[in-house]
Amino acid sequence: MRASRLVSLLLLLQTRGRMTAQELADALEVSVRTVYRDVESLGAAGVPVYADRGPAGGYRLLEGYRTRLTGLTAPEAEALFLAGMPGPAADLGLGPVVAAAELKVLAALPDELADRGGRARQRFHLDAPGWFRHPEATPHLAALARAVWEDRLVEMRYRRWRAPREVTRVVAPLGVVLKAGRWYLVARCDGQLRTYRVGAVLDVVVSDERYERPADFDLADYWREWTERYERDVYRGRARIRLTVAALEFMPYVFPPEMSRAARAAAGEPGPDGWLETTVPIESVKHAHTELLKLGAEVEVLEPAELRDRLTATAHALARLYPVVLETPAGVAGVPATPAATSP
Numbered sequence: 001m002r003a004s005r006l007v008s009l010l011l012l013l014q015t016r017g018r019m020t021a022q023e024l025a026d027a028l029e030v031s032v033r034t035v036y037r038d039v040e041s042l043g044a045a046g047v048p049v050y051a052d053r054g055p056a057g058g059y060r061l062l063e064g065y066r067t068r069l070t071g072l073t074a075p076e077a078e079a080l081f082l083a084g085m086p087g088p089a090a091d092l093g094l095g096p097v098v099a100a101a102e103l104k105v106l107a108a109l110p111d112e113l114a115d116r117g118g119r120a121r122q123r124f125h126l127d128a129p130g131w132f133r134h135p136e137a138t139p140h141l142a143a144l145a146r147a148v149w150e151d152r153l154v155e156m157r158y159r160r161w162r163a164p165r166e167v168t169r170v171v172a173p174l175g176v177v178l179k180a181g182r183w184y185l186v187a188r189c190d191g192q193l194r195t196y197r198v199g200a201v202l203d204v205v206v207s208d209e210r211y212e213r214p215a216d217f218d219l220a221d222y223w224r225e226w227t228e229r230y231e232r233d234v235y236r237g238r239a240r241i242r243l244t245v246a247a248l249e250f251m252p253y254v255f256p257p258e259m260s261r262a263a264r265a266a267a268g269e270p271g272p273d274g275w276l277e278t279t280v281p282i283e284s285v286k287h288a289h290t291e292l293l294k295l296g297a298e299v300e301v302l303e304p305a306e307l308r309d310r311l312t313a314t315a316h317a318l319a320r321l322y323p324v325v326l327e328t329p330a331g332v333a334g335v336p337a338t339p340a341a342t343s344p
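Residue 1 is where the sequence shown starts when you use UniProt numbering, and the numbers rise one by one after that.
No lab work stands behind these hints, which were simulated from the structure alone.
Don't take each hint at face value.
What the hints assert, rightly or not - Pairwise CB distance ranges (calculated):
id : residue 1 : residue 2 : range
1  : T312      : T195      : 21 to 29 Å
2  : W223      : R18       : 54 to 62 Å
3  : G93       : R133      : 16 to 24 Å
4  : D127      : W226      : 41 to 49 Å
5  : W161      : G271      : 34 to 42 Å
6  : L126      : G93       : 12 to 20 Å
7  : W131      : T312      : 45 to 53 Å
Ideal placement from N, C-alpha and C gives every residue a C-beta, glycine not left out.
Please build the complete structure, drawing on both the sequences and the hints.
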C-alpha cells in the first residue's frame, strides 16, 4: 500500500509540477504528516524532490527529471482497458486514436499485465443507450468536440422545443457529455451556462476565434448540479390518483423513474377492493395524460380536475371506437366471456 502511494506521489509531481503538502494530501487521501514522511522516503531513495519555501512554495521534482516507472498493478491494467469506451470514442472521431493508444500501452506493458488488460475488454462491455432506443444521429459531434478541445467559438443552428423552433447561437463550448446514450453540449451563451442536445444541432461553423475558458469551471460538477436541478424542476405539478396494487407494481416498467419512485413512496394501504391512493409528480397535464393511459382501467385520477376530464374524454372516445358487444371473447384483457344473447 505504501509503495503504491509513493509511486502515486511521484507521478503527481511529475504530471502536475509544483504541489503543496496539503494538495498532495488531498489527492492521496492521507494526512499532511504522511506526505512529509513519504517525501523524505523518496529523497532517501534518490528521487530529486525539492521543497520551495514561502506562500507560493511546495514540493517539485528537479527540472527535467522524468521516470518511466508507472507502478501499474494488475487491477489497474484491467481498469485501463475498461476506460477506452470504443463506441463513444468513435462518436467523437477518436476511434483510431484510442485504438492506437491501446496498442502502444499493450506493447509497453509486461506480458502478464497486457494479457489481463485484454481479458477485461473481452469480459466487460459498455452499451450506453437504453432499451428500445436507437442511437441518436449526431453528425456535428466531432466538430463540436474539436471546438471544445481547441477553445474555439462556434456558431450553431439549433432546433428547440419552443417557438421559434430554429435559432442560431454563438457559443463558447466547454464540454460534451454522454448521458443514457445521448450526447449533450455544455456551453456558455450570452454570459450563461447552457446545455444543448447535440442531436438537435442542425449546423455548425467552428470559428477561428478563441475564447478564454473559465478557470473555475469543472464539467463533472456542473453536470451533476444541472441534472439534479433538471430532475427536480421538470416535475412542477402533482396528481392524486387511486390505482390497483398490480398497477403500482407495474409502474417502474412504464413510468419515468422519478414518477414511479414518488408514487410508491406516497402510496397508502390498499383497501378491501385492492385499490389504494397515492400522489405522483407530473411535468404537465398533457404529459401525465399520456403516462397514466399506460395503466389502462387500473388507475383513476382524483385531482386535478383538468387531468381527470382529459382521461374521461379519452375513455369516451375509446368507447365509441370499440362499442360494447353482447359477446366478449374469453381471455381478452382479463374480461370474462359472456354468453351470446339468444333470440326470444
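>> A range of 12 to 20 Å was offered for this pair. Does it hold for the Cβ distance of L126 and G93?
In response: 18 Å, holds
>> Taking 34 to 42 Å as the stated bounds, is the beta-carbon spacing between W161 and G271 within them?
In response: The hint (34 to 42 Å, Cβ to Cβ) holds, given that W161 and G271 are roughly 41 Å apart.
> Does the hinted range 54 to 62 Å hold for W223 and R18 at CB?
Replying inline: 30 Å, violated
>> Assuming the hint says 16 to 24 Å, is it satisfied by the Cβ distance from G93 to R133 or not?
In response: 23 Å, holds
> Do the beta carbons of W131 and T312 sit within 45 to 53 Å of each other?
Replying inline: 33 Å, violated
>> Please check whether D127 and W226 have a Cβ separation lying inside 41 to 49 Å.
In response: At 24 Å between Cβs, range violated.
> Should the hint that T312 and T195 are 21 to 29 Å apart at their CB atoms be regarded as holding?
Replying inline: At 38 Å between Cβs, range violated.
When held up to the earlier numbered hints, the structure conflicts with 1, 2, 4, 7 and fits the remainder.
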